[in-house]
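Colleague: Take the given structure of chain A and dock chain B with the ligands to it, following the hints.
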Amino acid sequence: MLTIATGNKAVAAAVRQVRPSVIAAYPITPQTEIVEQMAEYVTRGELDSQFIPVESEHSAMAACIGASITGARTFTATSSHGLLYMHEMVNWAAGARLPIVMANVNRAVGPGWNVWAEHTDAFQERDTGWLQVYVSTVQEAYDTTLMAFRIAENESVLLPVMVNLDGFLLSHSMQSLETVEISDFIPPLRLPHAIDPENPAGYGTLTGPDAYFKFRWDMERSMRDSAGVIRETEDEFARRFHRKYGFVDEYRCEDADVVVVAMGTLGKEAEVAADLLRAEGVKAGVMRIRWLRPFPRLDLAGRDVVVIDRDYSFGFGGVIAKSLAATARAEPFSVIAGLGGQEVTYDDIAEFVRTRSPGTEYWFGVNDNV
Amino acid sequence: MTTRMRLAISRPTKGSSGKTGSWRVFRPVVDKEKCNACGICAMLCPEAAIDEELEVDLEYCKGCGICAHECPKSAISMKREEK
Ligand code: SF4
Ligand code: SF4
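Each protein sequence line maps, in turn, to chains A and B. Start counting the first sequence at 1; every next residue gets the next number (our numbering). Start counting the second sequence at 1001; every next residue gets the next number (our numbering).
Keep in mind that a hint or two might mislead.
What follows is a set of in silico ranges between Cβ atoms, one per label pair, in the way DEER data are often shown [said to hold, decoys possible]: (1) T1013(B) <-> N91(A): 25 to 31 Å; (2) G1018(B) <-> W217(A): 27 to 33 Å; (3) P200(A) <-> D1051(B): 17 to 23 Å; (4) D127(A) <-> E1055(B): 48 to 54 Å.
Quick caveat, the hints were computed from the structure, so don't treat them as lab data. All of these numbers come straight from a predicted model, not from anything done at the bench. Cβ coordinates follow ideal geometry from the N, Cα and C atoms, glycine included.
If we strip away everything but chain A, and leave its shape as in the complex, we get (with noise of 0.2 Å):
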């Protein structure tokens, strides 16, 4: 069915179908509406489900797990500092091995108290064994809400999934929305260790020196072992519904010289910048990078590299930039730009293609760069 949504609306929409048993969540701007749509749609009728409204975002993920370990399907939602409020429960989450989904609407850590579009977030949760995908359109808000279930419940994955957009640019942007039939795209939820009350037990209780690696090294083999879950996902996907996805979305990459890397919106509005570029005779590209975790290798070799982080790592540099220096042996033009949803345009994006600097860092709008 074809419709207009806002980013939040089509995360509804794909949950609602999905049918989680318990929800769970407390609102915050501007993930609100993911809430109140969840919410509504219990209380009309039109979807079965336990909605607990709960009284803080660390209770939001303590729920969820209560819940997941029983081997109900579950779904939350949070952003900015309401996730870093549930940041013990975040890291419990995956370690439990519970395959809760949960949007997160990207936005700045104040302060200044800012509630506008910023990564970096949820990249303060990269390293708890969640994996993490960024969306760029309404339409991918919701195919990729869909696909992240399937892939979080795989039974080489029962990892977490967390599902970013950008705030207020996605969160409150309208945009059209088809939505599919999901028929049995998505397979009923089997997790292999559910709490049995027949035969009681303690669950992840103290675990020793002897064992406790064990249990990280489960965690990143399941890590590695999604990637080709989502690859197998993402082509299902495409085969039933006719969209497809990567963990790189790329764009006239082919013959580029030059490429432009970012994330959520910025990636999508780095499409413009390409074309504008093209027109002028550079060949230009754009890889957005949709799976922050697993990290995406990226074929960079023999081209120019310009990143845009929309986050920073204080005293490291831009974590997108760094990633790639390390993972692709990129020397990135690192540009740190639309922090507390700074307006980046098409323009801006190509202006700092024609201004590259292999190598070196640019804060955009600041005037005092070195």
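Modeller: Okay, now just chain B with the ligands, sitting in the frame of chain A:
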């Protein structure tokens, strides 16, 4: 396929610290003459070592003396264990 261990799941048959009675230096002795069976000692014993009959399970009583300290009738005395 061997069962894959994703999460530490424990079904202990004894306390994770073993039999805490082995730690005991002083043993609680109840003077049944003074005791009024209020149950405060049983409620506050951290090892749940005092049963409904107010008998102390010496396999797990670690000798902390909380029962003796909390008893309103001073009915419990702590006696050094013989070596
Ligand atoms: S000494 Fe401590 S462990 Fe022993 S019965 Fe009294 S309160 Fe319980
Ligand atoms: S607290 Fe003292 S009086 Fe009360 S039941 Fe225990 S020994 Fe008896």
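Colleague: All hints are to be evaluated individually against the structure, with a verdict given for each.
Modeller: Status of each hint after checking the structure:
1. Between T1013(B) and N91(A) the C-beta distance comes to about 30 Å, which sits within the given range of 25 to 31 Å.
2. Taken as a hint, the range 27 to 33 Å holds for the pair G1018(B) and W217(A), whose Cβ atoms sit roughly 28 Å apart.
3. Distance hint check: the CB atoms of P200(A) and D1051(B) are about 22 Å apart, consistent with the given range 17 to 23 Å.
4. Here the CB-CB span from D127(A) to E1055(B) is close to 51 Å, well matched to the stated 48 to 54 Å.
Comparing the model with each numbered hint stated earlier shows that all of them hold.
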